[in-house]
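Asks: This is what each chain is made of:
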Amino acid sequence: MIHTFVAYVENKPGVLNRVSSLFRRRAYNIESLAVGPAHLPGISRMTIEVEAATEDIAHQIAANLYKLVDVLHVDDLTNRKSVKRALALVKIDTSNPQVRSEIIQIASIFKQAEIVDAAPSSLILEIVGYEDTVERFIRMLEPYRILEMQRTGVVGMLRGSEPVSEGLAALEEQQ
Amino acid sequence: MAKKVKGADVLWDVLIRQGVEVVFGYPGGATLPSYDALHRHRIHHVLVRHEQGAAHMADGFSRATGKVGVAFATSGPGATNLVTGLATAMMDSVPMVAVTGQVNSHLIGSDAFQETDVTGITLPVTKHNFLVTKAQEIMPTLRKAFYIAQSGRPGPVLVDITKDAQAAEIEYEYDDRPIRLSGYRPSYKIDKVELQRALELIEKAERPLILAGHGVIRSGASKILQQFVEFTNTPVAMTLLGLGAFPASHPLNLGMMGMHGEAWVNQAIQEADLLLAFGMRFDDRVTGNLKTYATKARKIHIEIDPSEINKNVKVDVGIVGDLREVLEVLTAQVSAGDHGEWIEHIDEMKGSSAVRDIQSLPDNGHLYAAHVINDLWRYTHGKSVVVTDVGQHQMWEAQYYKHDYLRGLITSGGLGTMGFALPAAIGAKFGRPQDEVWAIAGDGGFQMTACELSTIAQEGIKVNVAIINNGFLGMVRQWQEMFYDKNYSATPMRSPDFVKLADAHGLPGLRVTKRSEMQDAVAWAQAQPQSVVIDFRVEQEDSVYPMVPAGADLHNMIRRPMANPIVETAED
Ligand SMILES: Cc1ncc(C[n+]2csc(CCOP(=O)(O)OP(=O)(O)O)c2C)c(N)n1
Numbered sequence: 001m002i003h004t005f006v007a008y009v010e011n012k013p014g015v016l017n018r019v020s021s022l023f024r025r026r027a028y029n030i031e032s033l034a035v036g037p038a039h040l041p042g043i044s045r046m047t048i049e050v051e052a053a054t055e056d057i058a059h060q061i062a063a064n065l066y067k068l069v070d071v072l073h074v075d076d077l078t079n080r081k082s083v084k085r086a087l088a089l090v091k092i093d094t095s096n097p098q099v100r101s102e103i104i105q106i107a108s109i110f111k112q113a114e115i116v117d118a119a120p121s122s123l124i125l126e127i128v129g130y131e132d133t134v135e136r137f138i139r140m141l142e143p144y145r146i147l148e149m150q151r152t153g154v155v156g157m158l159r160g161s162e163p164v165s166e167g168l169a170a171l172e173e174q175q
Numbered sequence: 001m002a003k004k005v006k007g008a009d010v011l012w013d014v015l016i017r018q019g020v021e022v023v024f025g026y027p028g029g030a031t032l033p034s035y036d037a038l039h040r041h042r043i044h045h046v047l048v049r050h051e052q053g054a055a056h057m058a059d060g061f062s063r064a065t066g067k068v069g070v071a072f073a074t075s076g077p078g079a080t081n082l083v084t085g086l087a088t089a090m091m092d093s094v095p096m097v098a099v100t101g102q103v104n105s106h107l108i109g110s111d112a113f114q115e116t117d118v119t120g121i122t123l124p125v126t127k128h129n130f131l132v133t134k135a136q137e138i139m140p141t142l143r144k145a146f147y148i149a150q151s152g153r154p155g156p157v158l159v160d161i162t163k164d165a166q167a168a169e170i171e172y173e174y175d176d177r178p179i180r181l182s183g184y185r186p187s188y189k190i191d192k193v194e195l196q197r198a199l200e201l202i203e204k205a206e207r208p209l210i211l212a213g214h215g216v217i218r219s220g221a222s223k224i225l226q227q228f229v230e231f232t233n234t235p236v237a238m239t240l241l242g243l244g245a246f247p248a249s250h251p252l253n254l255g256m257m258g259m260h261g262e263a264w265v266n267q268a269i270q271e272a273d274l275l276l277a278f279g280m281r282f283d284d285r286v287t288g289n290l291k292t293y294a295t296k297a298r299k300i301h302i303e304i305d306p307s308e309i310n311k312n313v314k315v316d317v318g319i320v321g322d323l324r325e326v327l328e329v330l331t332a333q334v335s336a337g338d339h340g341e342w343i344e345h346i347d348e349m350k351g352s353s354a355v356r357d358i359q360s361l362p363d364n365g366h367l368y369a370a371h372v373i374n375d376l377w378r379y380t381h382g383k384s385v386v387v388t389d390v391g392q393h394q395m396w397e398a399q400y401y402k403h404d405y406l407r408g409l410i411t412s413g414g415l416g417t418m419g420f421a422l423p424a425a426i427g428a429k430f431g432r433p434q435d436e437v438w439a440i441a442g443d444g445g446f447q448m449t450a451c452e453l454s455t456i457a458q459e460g461i462k463v464n465v466a467i468i469n470n471g472f473l474g475m476v477r478q479w480q481e482m483f484y485d486k487n488y489s490a491t492p493m494r495s496p497d498f499v500k501l502a503d504a505h506g507l508p509g510l511r512v513t514k515r516s517e518m519q520d521a522v523a524w525a526q527a528q529p530q531s532v533v534i535d536f537r538v539e540q541e542d543s544v545y546p547m548v549p550a551g552a553d554l555h556n557m558i559r560r561p562m563a564n565p566i567v568e569t570a571e572d
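Residue numbers (our numbering), protein chains in the order written: chain A, 1 to 175; chain B, 1 to 572.
Hints are computed from structural coordinates only; laboratory data are not their basis. Hints are supplied without guarantee of correctness; some may be wrong.
Said to hold, decoys possible - Residues of chain A placed beyond 10 Å of chain B at every Cβ, according to the derived structure: (1) ALA63; (2) ALA118; (3) ILE138.
As the list claims (entries may be wrong) - Here are the simulated BS3-like cross-link-like pairs (lysine-lysine), alpha carbons at most 27 Å apart as the crow flies: (4) B:LYS67 x A:LYS91; (5) A:LYS67 x B:LYS204; (6) B:LYS291 x B:LYS204; (7) A:LYS67 x B:LYS3.
We put the beta carbon where it would ideally sit given N, CA and C, even for glycine.
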């Protein structure tokens, strides 16, 4: 089963390397990884999707993340209420006018999709949503000539109804 | 008041303030500023012959004393030579600090002469590492390094310091405020619910067994363990790295478990209804086949590293914490136990298994490695610090040298690093100058780091070196004999004349070929003021028994075949 972890880490050079090295060394399979600044200064936030065959392995993953000195806090979103989003940009060859109108139509079916760039012979579509929505959207585009595609990792956050973890509260306090 | 000093002076000063008196190292271009400042500080630098030796010496020093050992190397090849030693310390949770020089900070990333990505290379074999590019960072970083190395589950920490940071002049004042590392959690509050459940399981158990590991030594839990054992009358099985944590001669100490453990100990594990795993990590060498491992037992795991709980063996109760602290709480609340029947049953199993067959063998003119080690134990009165290498002799050491004393055995368990014994013994001697130190190595492993004899000679220290010379890479030969139709591929090994090699270093050497010479040989070694090298010419194709083949069930041990000449001669 895919688990989604959120990790707060020191924003220092080499930290991403430490995290990815851990996953490689322990043979944990990363599905996706997204990193960006957290709301706290000097701290980055990662969302990591990783395959964990059992709950015990999921605990191992969290415990091993905690062992990294630069990892400040870890939440496992998997069995909790959360919001998760992924994004994709897809550039499609639309030199054929027929294709162009079909693509525009597909974009309009998905309410999370948008045309973000239009050139004479290509369109760039953007989609933001649950990963499976992104997946479905891309599958719809597969029959066409895709010139480029970029997908991001999933980013996730616990819903407001979920209690804030102690560790995160402690982090806030330290600031 | 702050004074102006060089980064290099800060480096030595911080080491001294951490209590460091001796460091093991090898200089080079990127550490020149540090070595230039060395004479200004009261610290002894041991010049090794290879940086791997420096790392093992720091490791041996640490295991012998419980303090943090320190190794030094220059950038590039110096640092990469440390890697085996770091990995060895990492696998066995040994607190160590390695300091490496790095090229000038403006050259980093340019493939400069002797530049290597040392923090990158050592990332998976250190508990943590740092790159320091400014003199101002040397003090806080080194303080963190020592703190991380010895707190929580200990391990090696590497600090890579650029040459310009060592050379720069800064205003320096030592800061001894507590270290702040917000992402680092070395200690845990004992979980009361788990503790209660542990007490209940202990209360109910009829056939409990303690598995005592390296954590007993690292957390200083020997005394409280003994109290717990005696109060609850629970027998104890030891891991290789646990040997010495609980006296071998104690009636409730069953001996070693695992691949070359005692058959009755492994059998007891398989029959137990409760395993109390204290500071051990269920390594594959102690569990054998996990599917059939201790299936009748509930399991309580007390361990400082949360990621070890349920890693290899699923447990019923996991208590994360410092073993000594947890045992103190547990011992205060546990009720007295008896377990007479269970202990009697184990005694019966012990009686029927082939007791140490070699040990009871009369002298038949041959020399067996087990005899050498058993006699070493006898004539050193079990009081020597023994540092082993890796291979058959290591297992015989574990079987035939009875360790009653804490930190009496130093051996590379997790990584199984050949070449460990000699340098680690040097480190141990620096840590425990008053104690007798023996390095026991195979002819193969000895030759991996034999260059350190020269270090011994230069330092004028006293380490007795026993080479268990069987003309083979013995342990590999044993596996070839058992599992590869005696195809002795690349295991026969020719060696130099070790007595002459000792002589070349100005050290006395001796060759021993008969058991009758053992007592005199040990007495001779002890009487020499210098280090000595003894070449023990032992039986060439002897094997270590009993044995659980890799991945086999723990209770299915291969016993010494009765047709074995050793047993036959016993009847002579
Ligand atoms: C650095 C290293 N290389 C290879 C091995 C694999 N290995 C394990 S035991 C062994 C044989 C050791 O032979 P020797 O040092 O003569 O000791 P003996 O087993 O004969 O006591 C070897 C090659 C190892 N453990 N470490």
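Asks: So which of those numbered hints doesn't the model satisfy?
Replies: Going through the list in order, the structure violates hints 1, 4, 5, 7 and respects the others.
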